[in-house]
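Top line first, the protein sequences correspond to chains A and B.
For the first sequence, counting from 1, position 238 maps to 268 in my numbering; every step adds exactly one.
For the second sequence, counting from 1, position 99 maps to 340 in my numbering; every step adds exactly one.
The hints are simulated quantities; they were obtained by calculation from the structure and are not laboratory data.
You may find that some hints are simply not true.
[What the hints assert, rightly or not] Per label pair, the in silico range of CB-to-CB distance:
1. Arg224(A) / Gly378(B): 30 to 40 Å
2. Leu116(A) / Gly486(B): 24 to 34 Å
3. Leu320(A) / Gly292(B): 38 to 48 Å
4. Arg222(A) / Asp312(B): 15 to 25 Å
5. Met322(B) / Ser143(A): 50 to 60 Å
[To be verified] Some chain B residues judged to face chain A by a derived CB distance under 10 Å, without partners named:
6. Leu303
7. Tyr320
8. Val336
9. Asp337
10. Asp339
11. Thr342
12. Phe353
13. His354
14. Gly388
All C-beta atoms, glycine included, are put in the ideal place defined by N, C-alpha and C.
Below are the chains, spelled out letter by letter.
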Amino acid sequence: MGSDFLILSLAPLLVATISSLSCALLGNFLVLRRQSLIGDAISHVALPGIVASFLITGTLAASAMMLGAGVAALVTMALIEAIKRLGHVEPSAAMGVAFTAIFALGVLMLEVSDASGVHLDVQHALYGNLESLIWFEGLHWTALLDPAALAKLPPQLPRVAWVGLLVAIFVIVAWRPLVIGSFDPAFASSVRARPLLTDIMLVIMVAITAIAAFEAVGSILVIAMFICPAASARLMTDRLLTQIAWSQGFACSSAVLGYVLAGYGPGWFGHDVSLSAAGMIATVSGAILLAACLFAPRRHGNMERMTTD
Amino acid sequence: MKTAHAMQHTDTTSPLTITGLTVSYGQKPVVFSVDCEVPEGSLMAIVGPNGAGKSTLLKAALGIAPRISGDIRVYGQPYRMQAHRLAYVPQRSSVDWDFPTTVLEVVLMGLFHTMRWWQFTRRRHRDKAMACLARVGMDAFADRQIGQLSGGQQQRVFLARALVQEADLTILDEPFAGVDAATEKAIIEVLKSLKREGKTLLCVHHDLSTVSEYFDHVLLLNVRRIAMGPVQDTFTAEHLQQAYGGRLNAIQLERITHPDSSVSQA
Numbered sequence: 031m032g033s034d035f036l037i038l039s040l041a042p043l044l045v046a047t048i049s050s051l052s053c054a055l056l057g058n059f060l061v062l063r064r065q066s067l068i069g070d071a072i073s074h075v076a077l078p079g080i081v082a083s084f085l086i087t088g089t090l091a092a093s094a095m096m097l098g099a100g101v102a103a104l105v106t107m108a109l110i111e112a113i114k115r116l117g118h119v120e121p122s123a124a125m126g127v128a129f130t131a132i133f134a135l136g137v138l139m140l141e142v143s144d145a146s147g148v149h150l151d152v153q154h155a156l157y158g159n160l161e162s163l164i165w166f167e168g169l170h171w172t173a174l175l176d177p178a179a180l181a182k183l184p185p186q187l188p189r190v191a192w193v194g195l196l197v198a199i200f201v202i203v204a205w206r207p208l209v210i211g212s213f214d215p216a217f218a219s220s221v222r223a224r225p226l227l228t229d230i231m232l233v234i235m236v237a238i239t240a241i242a243a244f245e246a247v248g249s250i251l252v253i254a255m256f257i258c259p260a261a262s263a264r265l266m267t268d269r270l271l272t273q274i275a276w277s278q279g280f281a282c283s284s285a286v287l288g289y290v291l292a293g294y295g296p297g298w299f300g301h302d303v304s305l306s307a308a309g310m311i312a313t314v315s316g317a318i319l320l321a322a323c324l325f326a327p328r329r330h331g332n333m334e335r336m337t338t339d
Numbered sequence: 242m243k244t245a246h247a248m249q250h251t252d253t254t255s256p257l258t259i260t261g262l263t264v265s266y267g268q269k270p271v272v273f274s275v276d277c278e279v280p281e282g283s284l285m286a287i288v289g290p291n292g293a294g295k296s297t298l299l300k301a302a303l304g305i306a307p308r309i310s311g312d313i314r315v316y317g318q319p320y321r322m323q324a325h326r327l328a329y330v331p332q333r334s335s336v337d338w339d340f341p342t343t344v345l346e347v348v349l350m351g352l353f354h355t356m357r358w359w360q361f362t363r364r365r366h367r368d369k370a371m372a373c374l375a376r377v378g379m380d381a382f383a384d385r386q387i388g389q390l391s392g393g394q395q396q397r398v399f400l401a402r403a404l405v406q407e408a409d410l411t412i413l414d415e416p417f418a419g420v421d422a423a424t425e426k427a428i429i430e431v432l433k434s435l436k437r438e439g440k441t442l443l444c445v446h447h448d449l450s451t452v453s454e455y456f457d458h459v460l461l462l463n464v465r466r467i468a469m470g471p472v473q474d475t476f477t478a479e480h481l482q483q484a485y486g487g488r489l490n491a492i493q494l495e496r497i498t499h500p501d502s503s504v505s506q507a
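Could you build the full structure based on these sequences and the hints that come with them?
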């Protein structure tokens, strides 16, 4: 049992939890800026970015993929701005048009190229592949203390861990500009809190996080990790720090609960199968959001304000 | 003597000098070739009809809205070098009041210049913010979520955030829009006391009937600059007709420009 867990479940569980935590941390700011769709857009354009980087470099090295997806994210942001300005289209429509078109282009590129032969198939890109993160060296608990065995952990795990650390550092260092720019961009500009730079940095961080989480949970489900915990947390409190704490709690519990339910849930009902962990994690975070909408203390915020006016 | 001194002063270091400012969204200019020099120590209104470019003029001057041409000097230097001497109060409706933050935290945002990213807010920061809240009569609301405030209370919190910046020049966009009478009185008292301290204030203002009572200088704007100067010389029926394109009738004009005699007119 112990070694089963170490071999099959430890790495996917940690990757899911860490990705979920870093996505949710940034998600708080996306929700407050009413930019939830940006997370969606970026996670979608990561696909064409990765395919393009494969076509150009011919490798699936993590750094090349990250770079490709990062460039794709920035190009998409620029394209959205251009459509908004030149076409006089409202922001969400511009975003919707830009990212679906680029995503579709990515799917076509994937089919035409040889990339589909080498692990980069469409289904994994869309739905992720947590279950494949097997740690062959995890035969016994002592492996956790053995550097040689730890070095053989799936490379996705250290990758999401580094990205998680980077996201945490970004939020701490950029805290004031992030908060001021989210609340009052015009004021932020007047005190030279650099709202535009903060915006761009946030988009880049979202892109990096989405790409790191991409392999694990897929590009479609990563949006649930960005938005659901933060949106649920917003309904729990009227304090930003408390909201972030709630979002981290929700992110962690949906990752763990989702993974366990997908792996063992069907067994409890006598079915000898397991479900997609990524799908279950997204479903659980959706269920948490639903529960928050129904029962959370701050869901009537607007009504309260109307009555005190 | 006093005027001569003031004149000399504005020549060198006017708090805000705008030269040839043009702003355009699409084909039509919103602000066209406007020159404006705000005299030091003045309480100045920007007045004009809807769509005259009043807010846009301010935003472009502060670099928030893009400008096509024009030179902006704050105390004789580019804005970025003098940003710490300036406080900006955006329109109340421009922000999301559902944001999960408290009144005190909003006021503390005004200390952005003085704090580094690793610094926590300390007792002295909070004391300063509380003093500014007390000045606008909002100290009892420090721990409230901002969404629970009325429009007038929100505006006072914005003013407190500007006060904590201890700026020499404060720029306010429609501070009296949609506020109750008590708040309007409280705000104008604070603005006048700032003026007495020698600070300069520039205010987009909508209500023509209070211009003479509240302000000492006025800029009449309708895309172009119509007139600018001390209220008694500039805020005339003729200039108002030009700015508002004949949309005001004679009785309205008389009431606006001579508020004291309005009773006999009515």
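Going down the list of hints, with the structure as the test:
1. One distance hint, 30 to 40 Å for the beta-carbon pair arginine 224(A) and glycine 378(B), holds here, with the actual separation near 33 Å.
2. For leucine 116(A) paired with glycine 486(B), a C-beta distance near 32 Å keeps the hint of 24 to 34 Å intact.
3. The beta-carbon spacing between leucine 320(A) and glycine 292(B), approximately 44 Å, falls within the hinted interval of 38 to 48 Å.
4. Between arginine 222(A) and aspartate 312(B) the CB atoms are about 19 Å apart, so this pair conforms to the stated range of 15 to 25 Å.
5. The hint said 50 to 60 Å for the Cβ distance between methionine 322(B) and serine 143(A), and at roughly 52 Å that hint holds.
6. The beta carbon of leucine 303(B) is positioned within 10 Å of a beta carbon in chain A (closest approach about 5 Å), and the interface hint is therefore held.
7. The criterion of a C-beta within 10 Å of any C-beta in chain A is met by tyrosine 320(B), whose closest approach is roughly 9 Å, and the hint holds.
8. For valine 336(B), the shortest C-beta to C-beta distance to chain A is roughly 5 Å, which falls under 10 Å, so the interface hint holds.
9. Interface restraint check for aspartate 337(B): the shortest CB-CB distance to chain A comes to about 7 Å, inside 10 Å, so the restraint holds.
10. Interface restraint check: aspartate 339(B) against chain A, minimum CB-CB distance 6 Å, threshold 10 Å, status holds.
11. Interface hint status for threonine 342(B): upheld, as the beta-carbon distance to the closest one in chain A is roughly 6 Å, under 10 Å.
12. Checking phenylalanine 353(B) against chain A by beta carbon gives a least distance of about 5 Å; that is within 10 Å, so the hint holds.
13. Restraint check, histidine 354(B) versus chain A: the minimum CB separation of about 6 Å is within 10 Å; hint holds.
14. For glycine 388(B), the shortest C-beta to C-beta distance to chain A is roughly 5 Å, which falls under 10 Å, so the interface hint holds.
Violated hints: none; the structure is consistent with every hint.
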